[in-house]
Amino acid sequence: MARVVVDVMLKPEILDPQGQAVLGALARLGHSDITSVRQGKRFELELDAAPDAATLEEVASTLLANTVIEDYSIRVEES
Amino acid sequence: MSARIGVVTFPGSLDDQDAARAVRIAGAEAVSLWHGDADLKGVDAVVLPGGFSYGDYLRCGAIARFAPVMQNVIDAARGGLPVLGICNGFQVLCESHLLPGALIRNDVRKFVCRDQWLRVENANTAWTSDYAEGQEILIPLKNGEGGFVADDRTLDELEGEGRVVFRYLHDNPNGSYRDIAGITNERGNVVGLMPHPEHAVERLTGPSLDGVGFFSSVISQLVDA
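These protein sequence lines map, in sequence, to chains A and B.
The first sequence finishes on residue 81 if you use the working numbering, and the numbering steps up by one all the way, no holes.
The second sequence finishes on residue 1034 if you use the working numbering, and the numbering steps up by one all the way, no holes.
These aren't lab readings, by the way, just hints derived from the structure by calculation.
A couple of the hints might just be wrong.
The calculated lysine to any residue pairs, modelled on SDA-like cross-linking and capped at a C-alpha distance of 25 Å, are [what the hints assert, rightly or not]:
1) Lys43/A with Lys850/B
2) Lys13/A with Asp50/A
3) Lys919/B with Glu79/A
4) Lys13/A with Lys850/B
5) Lys919/B with Gln880/B
6) Lys13/A with Tyr866/B
7) Lys919/B with Lys850/B
8) Lys13/A with Asp865/B
9) Lys43/A with His33/A
10) Lys13/A with Lys919/B
Covered stretches of chain A (chain B as the covering partner; in silico rule of three or more C-beta atoms under 8 Å from a C-beta of chain B) [unchecked claim]:
11) 19-27
12) 54-63
Built from N, CA and C at the ideal position, the CB exists for glycine as well.
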């Protein structure tokens, strides 16, 4: 069995209102040294077969991420 | 025989009944289509209504795009079938790549619900031919993730080809790039917008009757065809 982690982040040029809201809350908590927050998604996939790179690319690019606005990275974790 | 316009219901659709009602008020037969049934029942046009399909999980419209009915809607739209996506329906059309760009969370970080003035920029699409170019219309807007974004090249292309169909007037409610409220594909049969024309078809419940033109436009096209 394999474990695959896919991280999805909004592209740098796309506004992230959620990240901005978190940044505002951090400032109110006194963390004024934090100057930027970007919020993303992390998917943890469990496979019962050896992961195939092309299949993982397809899964990430067709469903997990919208490549119009998001970038993704795929990481296979050895079990 | 009157035109038959399908309205798709996904789990979490909210405005399918209003859309069907608008279709009937405009003079066509409304045909209910179910997300899990690939059969388009021979309809002449399709409306993807507003709401929160699949709970907006993952991204708005991202899971609806893969519903059984959508593969046929996508194929038929590429073949010229008129398709209108309203709000969540617009998000589904962008996720399906029938329309370029994407919708992201409002820049104001609030859900916005109000009557919104729009300018009709393109009166040659299947869904806007009963309007005049430059006409200003008032229809309800209600969204939390209505910010239209695309890269500059795509935006320039949309503007250059006259594919911006509606622009927000007076005050951009959600941070949409270049005040874009709605766009169309190259052929003009697929239109998506965030505001809700189906909520502006009766005096009792709407701010105007300005939404009727969407449905009457497509009906007159279907009758002429």
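Now the hints, each set against the structure:
1. Lys43/A with Lys850/B: Violated, at about 38 Å.
2. Lys13/A with Asp50/A: This hinted pair is violated, its Cα atoms lying about 31 Å apart.
3. Lys919/B with Glu79/A: Violated - the C-alpha atoms of Glu79/A and Lys919/B are around 38 Å apart, more than 25 Å.
4. Lys13/A with Lys850/B: violated, 40 Å
5. Lys919/B with Gln880/B: Violated: Lys919/B and Gln880/B sit about 33 Å apart, past 25 Å.
6. Lys13/A with Tyr866/B: holds, 20 Å
7. Lys919/B with Lys850/B: violated, 39 Å
8. Lys13/A with Asp865/B: holds, 20 Å
9. Lys43/A with His33/A: holds, 23 Å
10. Lys13/A with Lys919/B: holds, 22 Å
11. 19-27: holds (count 4)
12. 54-63: Contact hint for the region 54-63 of chain A vs chain B: violated, 0 residues under 8 Å.
Against the hints set out earlier in the document, violations occur for numbers 1, 2, 3, 4, 5, 7, 12.
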